[in-house]
Amino acid sequence: MPNRLLSIAGEIREAGGRAFLVGGWVRDALLGKNCRDYDVEVYDLVQDELVPILKKYGRTNLVGKAFGVIHLAMKGLSLDFSFPRTESKVGYGHRGFVVHTDEKLSFKEAALRRDFTINAMGMELPELTLCDPYGGIDDLKKGLLRHVGPAFVEDSLRILRGVQFASRFALKLAPETIELCRTLSLEDLSIERLFEEFKKWLLKPGKPSLGLRAFLDIKLNEFFPEVSPLRGSWDDLGEMLDNTESLRDNLSDDQVMEFAFAAFLSGSPETSLKFLERITNETHLVKNVPLLLNAYSTLDFAIVSDAPALRRMAVKLGGLKLLCLLVKATPRKYYAAAGASEFPEQLWQAAADLDLIEAAPQPFLMGKMLMEMGFKPGKQMGETIKQSFELQLDGKIKNAEEAIAWARSRT
Numbered sequence: 001m002p003n004r005l006l007s008i009a010g011e012i013r014e015a016g017g018r019a020f021l022v023g024g025w026v027r028d029a030l031l032g033k034n035c036r037d038y039d040v041e042v043y044d045l046v047q048d049e050l051v052p053i054l055k056k057y058g059r060t061n062l063v064g065k066a067f068g069v070i071h072l073a074m075k076g077l078s079l080d081f082s083f084p085r086t087e088s089k090v091g092y093g094h095r096g097f098v099v100h101t102d103e104k105l106s107f108k109e110a111a112l113r114r115d116f117t118i119n120a121m122g123m124e125l126p127e128l129t130l131c132d133p134y135g136g137i138d139d140l141k142k143g144l145l146r147h148v149g150p151a152f153v154e155d156s157l158r159i160l161r162g163v164q165f166a167s168r169f170a171l172k173l174a175p176e177t178i179e180l181c182r183t184l185s186l187e188d189l190s191i192e193r194l195f196e197e198f199k200k201w202l203l204k205p206g207k208p209s210l211g212l213r214a215f216l217d218i219k220l221n222e223f224f225p226e227v228s229p230l231r232g233s234w235d236d237l238g239e240m241l242d243n244t245e246s247l248r249d250n251l252s253d254d255q256v257m258e259f260a261f262a263a264f265l266s267g268s269p270e271t272s273l274k275f276l277e278r279i280t281n282e283t284h285l286v287k288n289v290p291l292l293l294n295a296y297s298t299l300d301f302a303i304v305s306d307a308p309a310l311r312r313m314a315v316k317l318g319g320l321k322l323l324c325l326l327v328k329a330t331p332r333k334y335y336a337a338a339g340a341s342e343f344p345e346q347l348w349q350a351a352a353d354l355d356l357i358e359a360a361p362q363p364f365l366m367g368k369m370l371m372e373m374g375f376k377p378g379k380q381m382g383e384t385i386k387q388s389f390e391l392q393l394d395g396k397i398k399n400a401e402e403a404i405a406w407a408r409s410r411t
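Count the sequence shown with UniProt numbering and you get residues 1 to 411, in order.
Hint data in this document are derived by calculation from the structure and do not stem from the laboratory.
In this text the structure is predicted, and so the values were computed from the model without any measurement.
Treat the hints with care, since some could be wrong.
[Said to hold, decoys possible] Okay, derived cross-link-like pairs now, BS3-like style, lysine-lysine, Cα gap no bigger than 25 Å in a straight line:
no., residue 1, residue 2
1, K75, K55
2, K55, K141
3, K199, K328
4, K398, K316
5, K274, K333
[To be verified] Simulated DEER-style distance windows between Cβ atoms:
no., residue 1, residue 2, range
6, D353, E245, 24 to 30 Å
7, A338, A400, 58 to 64 Å
8, G76, D355, 40 to 46 Å
9, S233, G149, 33 to 39 Å
All C-beta atoms, glycine included, are put in the ideal place defined by N, C-alpha and C.
Generate the whole structure from the sequences, applying the supplied hints.
Structural data, given as C-alpha cells:
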C-alpha cells in the first residue's frame, strides 16, 4: 500500500471525508494477486473540497466529467478518485444511463451498482478496514461468482464479464446468476465491447476452460452458434484452451491473439470467419485465423515426411509456428488414438529442420536477377519466377545459384 495514498486518506479524514479503495484492488489483494490500479471512492466530501487536498501531492485532471473522476499523477504512482454514485438505465446500449453522484450515500448503497459481489468490496483508508456488504469474501472462499443485485441486468456486458472473471479467478457462476444472465441479450453491445471481454477471457492468465463452462452455462453458444465443440466435446475444447497458457512464450502480441482465438474456434473452422466478423474489426485476426484453422483441420499425419507440402503450407500461413502450437495444444488422446502420439513433436521438428517455424520460404529467383539476364518485364518473367519458386518448394532448386542456372537454361 503506497504511503502517499495513506497520507492522502488521512487528510481526507481530517477534512470530514472517508476514503475507500474499491474495485479490483481489493479483490486482487484477497486473492494474493498484485494490482497497481488504485481506485479510491471518497464519501462526505464534494469535488471542491477534495481537489485542494489532492493538488498538494501532484497534478490533477478531471477525466470523467459524467462520473466526477479525478486523476492524480505523482512520481511513480497514479490514482483515480471518484465519488459514490447511482446509475439508472434510461435508454438503449451502454450509454443509456443517467448517473447521479451523491457524497452522502453509504458504502452499501453505492456498492449496489457493482456487477459481482467480489467487485463490491472496499478497503477503508487509512485504517485498512475491509467493507464487504454483499458477501464478496465468502463468495471468493466458495469459488463463486455472484451478482450483487437486480441492477445487474441493466448492462448486458456483465454476462461476458462473468465469463472472463470465471476464467481469470477460477470461479463458477452462482446458480441464480446463471439464471439471470440467461434472461439478457448481447444484441445492444458494440463489436468493440464484445471483443474486449473475449480478449480478457482468452488472453489474460487464468483457466480459460472455466470461462468456457460459464459461457455454456449461460447458453452463450446459442447466441454464438458459430462456436462448436472440439470434435463433439466441449470438455476437450476447454482442455485445449487451458493448454494454450503454457505455449505462448516468444509470440508477438498479434500471434498470441491469433493463437488464442484459433484454439477457441478449433472446433469451428467452417464458421470461424463468421464468428470473428461478429466480434472484431481486427484485420489480422479475421484474415489469419480462418487460414490457420483450415490448415489445422485438414492436416495429415504424413505431412511430417512431405517437405514440399510443409513448404507450401508455410507459404500460405507465413510460417508454421502457430500451426505447430495449435497441434501441441490439442488433447494428446486424439493423436494417441490414431497411433500418432508423437505427431506434435514430429511436426515441430520437421518444420524446424526446414527452417519453416518463424517464416515462409522466399523465392530465390527475383525480377532483378532476370532483368540482368536479359528478361523483359512482363508475363514471361512472372511465369519464370513462379515456376522457379514451385521447383524450389519441391526441393529441386536449393539455392539462388541453382535458380539462376535454371533460368539461364530457359533463355
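Here's how the hints hold up against the structure:
1. K75 / K55: It holds: about 13 Å lies between the C-alpha atoms, which stays within 25 Å.
2. K55 / K141: Status violated; Cα separation ~40 Å.
3. K199 / K328: 21 Å, holds
4. K398 / K316: 20 Å, holds
5. K274 / K333: Violated, because 29 Å separates the two Cα atoms, which is more than 25 Å.
6. D353 / E245: 24 to 30 Å: 28 Å Cβ-Cβ, so the 24 to 30 Å window holds.
7. A338 / A400: 58 to 64 Å: Violated, since A338 and A400 (Cβ atoms, about 40 Å apart) do not stay within the stated range.
8. G76 / D355: 40 to 46 Å: Hint holds: Cβ distance 45 Å, inside 40 to 46 Å.
9. S233 / G149: 33 to 39 Å: 37 Å, holds
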